[in-house]
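The listed protein sequences derive, respectively, from chains A, B and C.
For what it's worth, my numbering labels the leading residue of the first sequence as 718, then goes sequentially.
For what it's worth, my numbering labels the leading residue of the second sequence as 4, then goes sequentially.
For what it's worth, my numbering labels the leading residue of the third sequence as 275, then goes sequentially.
Misleading hints may appear alongside valid ones.
Unchecked claim - Calculated Cβ distances over 12 Å to all of chain B for the following chain A residues:
| no. | residue |
| --- | --- |
| 1 | G739 |
| 2 | S811 |
| 3 | E814 |
| 4 | S817 |
| 5 | D914 |
| 6 | H922 |
| 7 | D954 |
Claimed, not checked - Anything over 12 Å on all C-beta distances counts as not near chain B; from chain C, calculated:
| no. | residue |
| --- | --- |
| 8 | V409 |
| 9 | G411 |
| 10 | S440 |
| 11 | L468 |
| 12 | V549 |
What the hints assert, rightly or not - In silico contact screen, one side only, chain A against chain B (beta carbon under 8 Å); selected entries:
| no. | residue |
| --- | --- |
| 13 | G753 |
| 14 | R805 |
| 15 | A825 |
| 16 | G827 |
| 17 | R837 |
Hints were generated in silico from the structure; no laboratory data involved.
The beta-carbon is built from N, C-alpha and C at its ideal position, and this holds for glycine as well.
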Amino acid sequence: MTASFLGQDYLEIRNLTVDFDGFKAVDGVDITLHQGRLHFLIGPNGAGKTTLVDALTGLVSGTGEATFRHHDLLSMRSHEIVRLGIGRTFQTASVFEQLSVLENLDIAAGLHRSALRSLRARRTVPEPVEQALDTIGLTALAHRPAGILAHGQKQWLEIGMLLVQDAQLMFLDETVAGMSGDERDETGELLKRIVADRTIVVIEHDMEFLRRYADFVTVMHTGTVLAEGSVADVQADQRVQEVYLGTATEAATHG
Amino acid sequence: MTSTATETSGPPDAAEPETSDEQPSKSLTPSLARRMSSYGSLVGIAILAFVLLVWAPSTLTSFRLGNLGRYCAMALASMGIGLAWGRGGMLVLGQGVFFGIGGYAMAMHMKLEAAGPGGVPDFMTLYGDGTMPGWWEPFRSGPFTVFAIIAMPAVVSFVLGYAILKRRVKGAYFAILTQAMAVAFSTLLVATITQTGGFNGLNSFSTFFGHNLFDPQVQKNVYRLAAGLVIVFLVILWQLYRSRYGELLLATRDGEERIRFLGYDPANVKLVAFMVAAVMASIGGALFVPIAGIISPLDVDASASIFLLAGVALGGRASLFGPVLGAIAVGYGRSTLSENFPTQWSYFLGALFILVVLLLPGGVASLWPMLRARWSSSSEPSRSSSTGDDAVESGDADRVAPAATS
Amino acid sequence: MDLLTTPFLTGTANGAILLMAALGLTLTFGQMGVINMANGEFLMVGAYMAYLTQQVLGTSGLSILIALPVAFIIAGLLGLLLEVTVIQWMYERPLDTLLATVGVALVLQQLAQDIFGAQGDPVTAPSWLGGRLSVFGYEWPHRQLFTIVLALTALGALSALLKYSSFGRQIRATVQNRQLAETLGVSTRNVDRLTFFLGSGLAGLGGVAIALISGTNPTLGTAYIIPAFLVVVVGGVGQLKGTVIAAWVVGVATAFLTDRTSGSTAQVIIFALVVIFLVIRPQGLFTVRTRSLA
Numbered sequence: 718m719t720a721s722f723l724g725q726d727y728l729e730i731r732n733l734t735v736d737f738d739g740f741k742a743v744d745g746v747d748i749t750l751h752q753g754r755l756h757f758l759i760g761p762n763g764a765g766k767t768t769l770v771d772a773l774t775g776l777v778s779g780t781g782e783a784t785f786r787h788h789d790l791l792s793m794r795s796h797e798i799v800r801l802g803i804g805r806t807f808q809t810a811s812v813f814e815q816l817s818v819l820e821n822l823d824i825a826a827g828l829h830r831s832a833l834r835s836l837r838a839r840r841t842v843p844e845p846v847e848q849a850l851d852t853i854g855l856t857a858l859a860h861r862p863a864g865i866l867a868h869g870q871k872q873w874l875e876i877g878m879l880l881v882q883d884a885q886l887m888f889l890d891e892t893v894a895g896m897s898g899d900e901r902d903e904t905g906e907l908l909k910r911i912v913a914d915r916t917i918v919v920i921e922h923d924m925e926f927l928r929r930y931a932d933f934v935t936v937m938h939t940g941t942v943l944a945e946g947s948v949a950d951v952q953a954d955q956r957v958q959e960v961y962l963g964t965a966t967e968a969a970t971h972g
Numbered sequence: 004m005t006s007t008a009t010e011t012s013g014p015p016d017a018a019e020p021e022t023s024d025e026q027p028s029k030s031l032t033p034s035l036a037r038r039m040s041s042y043g044s045l046v047g048i049a050i051l052a053f054v055l056l057v058w059a060p061s062t063l064t065s066f067r068l069g070n071l072g073r074y075c076a077m078a079l080a081s082m083g084i085g086l087a088w089g090r091g092g093m094l095v096l097g098q099g100v101f102f103g104i105g106g107y108a109m110a111m112h113m114k115l116e117a118a119g120p121g122g123v124p125d126f127m128t129l130y131g132d133g134t135m136p137g138w139w140e141p142f143r144s145g146p147f148t149v150f151a152i153i154a155m156p157a158v159v160s161f162v163l164g165y166a167i168l169k170r171r172v173k174g175a176y177f178a179i180l181t182q183a184m185a186v187a188f189s190t191l192l193v194a195t196i197t198q199t200g201g202f203n204g205l206n207s208f209s210t211f212f213g214h215n216l217f218d219p220q221v222q223k224n225v226y227r228l229a230a231g232l233v234i235v236f237l238v239i240l241w242q243l244y245r246s247r248y249g250e251l252l253l254a255t256r257d258g259e260e261r262i263r264f265l266g267y268d269p270a271n272v273k274l275v276a277f278m279v280a281a282v283m284a285s286i287g288g289a290l291f292v293p294i295a296g297i298i299s300p301l302d303v304d305a306s307a308s309i310f311l312l313a314g315v316a317l318g319g320r321a322s323l324f325g326p327v328l329g330a331i332a333v334g335y336g337r338s339t340l341s342e343n344f345p346t347q348w349s350y351f352l353g354a355l356f357i358l359v360v361l362l363l364p365g366g367v368a369s370l371w372p373m374l375r376a377r378w379s380s381s382s383e384p385s386r387s388s389s390t391g392d393d394a395v396e397s398g399d400a401d402r403v404a405p406a407a408t409s
Numbered sequence: 275m276d277l278l279t280t281p282f283l284t285g286t287a288n289g290a291i292l293l294m295a296a297l298g299l300t301l302t303f304g305q306m307g308v309i310n311m312a313n314g315e316f317l318m319v320g321a322y323m324a325y326l327t328q329q330v331l332g333t334s335g336l337s338i339l340i341a342l343p344v345a346f347i348i349a350g351l352l353g354l355l356l357e358v359t360v361i362q363w364m365y366e367r368p369l370d371t372l373l374a375t376v377g378v379a380l381v382l383q384q385l386a387q388d389i390f391g392a393q394g395d396p397v398t399a400p401s402w403l404g405g406r407l408s409v410f411g412y413e414w415p416h417r418q419l420f421t422i423v424l425a426l427t428a429l430g431a432l433s434a435l436l437k438y439s440s441f442g443r444q445i446r447a448t449v450q451n452r453q454l455a456e457t458l459g460v461s462t463r464n465v466d467r468l469t470f471f472l473g474s475g476l477a478g479l480g481g482v483a484i485a486l487i488s489g490t491n492p493t494l495g496t497a498y499i500i501p502a503f504l505v506v507v508v509g510g511v512g513q514l515k516g517t518v519i520a521a522w523v524v525g526v527a528t529a530f531l532t533d534r535t536s537g538s539t540a541q542v543i544i545f546a547l548v549v550i551f552l553v554i555r556p557q558g559l560f561t562v563r564t565r566s567l568a
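If we strip away everything but chain A, and leave its shape as in the complex, we get:
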């Protein structure tokens, strides 16, 4: 499961703290993210998962260190972080609904395009866009406005946009929430296919999805890291069962 454990790329987070006017939403977190594995970030609501990702992508300011390819992410602006090869999705699918699927991907592919070239109309479909369409399975819908896509397809389109912008590190915030069972399986398989040469962090509540696809799990609670390890390690952890897994498993089985 953790065969490709040590890739070239890794993100090292040390003592990351986000302070909202005295309330520490993230409190001294140490995590290392390695290439090639599906790293799940779980925890009850308010555990600080999304805030952690917000801090790493320049949306809120935090203190500590977060080093990726010798750059400290905490001192960079959002679009610079993206240009470094880090991408994210949001809890609510945010694709450009009035643009076609193809146009959405084309915009994601254009971040290294020169200003002059962007004044021309698009004539051909760039290679990475075509590949991404194929990978996420939306080739047949390329010219449809993204607004008509089903919920799951919008999430895949977002992942496709991360693929064409060549994100080496992806943060996926509750991507499978609200998906049907089939769609979850599709998403899991999709993530397994693309994770080989990148780092993917999945924030998730769905325990079944976690058990099937997680290579590594970090459990957060009240802004701190509660436990880390394989699915089995984490499940066996007494404290995790207390604060999280017990109730969540219940919720999953009943709901």
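Start from chain A and add chains B and C according to the hints.
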């Protein structure tokens, strides 16, 4: 590899199974209908060019032609608003400032022309001691004036836009700030009577780059210049809207944060549109002056800026033709109504804003896709067009229900 | 001495009027994201109510006191009418409310002009407001003092309402988290209407104060709407405390600058300062820090 996703999860109404077996490159070529609709706009521009440049000058009286020229000058500013607001999501309530920069630059040059070499504009001896401020001097030169008409709004809009867009000031804040700018600008003009003519503004010109403005042929040519520039900028906007930058601008309008996480700085994307809009307004203002024969604070203040917006809202803020046709319609409406019912005009303008925003946020242009959809579904059900362009033009407020693709 | 006292006192009175114009804006902007450009016209309506009550009751001391509730209720009802007929259909489109209310403002101005004429009408202060108070050698008109007392009373009443009444709690809940408030059973529709009524009514009160100082005029609202909005933005949207401080600072700063330069130059400088302030601190003086994407 062809992913299994397609097979399990296409929307029920679309995606015949065999489409996934097609070569990707084939299915990815833009459909013929889409290309036609893009070049169809060029046909529209050609028709408008014929009406404005051939039909109007040979048919209309010189009074009516002068009016039309004035609407064209204001339409240039309105088209810029369409770019900034309709496509860029920046509600610019202070375009009068840029209209005024161009207008006053041109008026200063024409005042100096009228004053003769080394002369001082008449109003300066009337209101002041007859000395001319130093910053007037360069406007004696025609080439400098033309340069200033383009460069000044570009610089001002860059500095202002950079300051406020980089700080992520947007939406209502942006709108209020631009309107405050128009209030400040017109207040400043009124307060500096010895330098800008104050409330009366600048008027009584005699020549336009050496040509006698009382000569009907010259008037006609000034009109042709204004109308010709409307056509030129329509072509420029047409290319801008179909370019990748156009798509990016639209995406920024609809999801600024999302764009940031695609690696773009949305402030830069919007700044370009804001600057182009400012330059267009300035050129419009510069052409307004020789046609109207006057520029005053009333032409550039907050109300004037809002008036420039009226045509854009009516015609359709995000469409190519909406702002220009809307501006001409509203300009014509104002002339006609205020000739016949001088006090009722405000009611019409007020009602226009309320009703358009309430009932037809996409403007008249948003009726077109509906009509076309109805027409094509009744006459040719198999070939209804893609909704991509139509959804863009209807604005973000009302999403057009998707029709089946060809 | 007078060089400091005069602009300080006059400026504080100006700030009080700005505050009454801005309170309604900050409530509706903060709570619903609605930009009500017709709020200036509610000032104008309040001013004309002062004029009308004086026409009916004469310039006795009573007429101004009666004008206050009349102006509050009439302007409030107009605000309510605006909310019900126009605003409520476009809560999802805040920028469009701006444009639609610009249209409403144009119509109201023209209406006032058709009813009362384009020229303004004077409103005479009753004798008990006609006097002056000597402050450090400056003869301070009672009318300005009255304006300040009025604004502070209105502010006190509004804060008490927001703090202690159940409607006030519902308003605050809706400002902070509309969806949560709805799930807790708050009728946000009613809260919105009441907020609009209150905010417009406060502008009506401000109009009475303006009428006492400078009489009526169909377009008097246009002079206040932009400064009032700048006050809201500088104070931090939805923040009463910030609005009060910003209104006072803008009022006093304008008076000082007017004293040193001229009225129009002062206005231009104030606008420039506000833009610079917003570039440095886009969220305004006070703000609630949240994780939202806004």
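To see whether the hints hold, each was checked on the structure:
1. G739: holds (25 Å)
2. S811: violated (5 Å)
3. E814: Given that some Cβ of chain B is not farther than 12 Å from that of A:E814, nearest at about 7 Å, it is violated.
4. S817: With a cut-off of 12 Å, A:S817 comes too close to chain B, as the shortest Cβ separation is near 5 Å.
5. D914: holds (16 Å)
6. H922: Answer for A:H922: holds, closest chain B Cβ roughly 22 Å.
7. D954: holds (33 Å)
8. V409: Non-interface label stands for C:V409: nearest chain B Cβ at 30 Å, farther than 12 Å.
9. G411: holds (30 Å)
10. S440: The claim holds: C:S440 sits with its nearest Cβ about 30 Å from chain B, beyond 12 Å.
11. L468: holds (22 Å)
12. V549: Violated, since 6 Å does not exceed 12 Å.
13. G753: Cβ of A:G753 sits 20 Å from chain B, so the hint is violated.
14. R805: holds (6 Å)
15. A825: holds (5 Å)
16. G827: Result: holds, 6 Å to nearest chain B Cβ.
17. R837: This hint holds: A:R837 lies near chain B, its Cβ roughly 6 Å from the closest one there, short of 8 Å.
The structure fails to meet hints 2, 3, 4, 12 and 13 from the earlier list, while all remaining hints are met.
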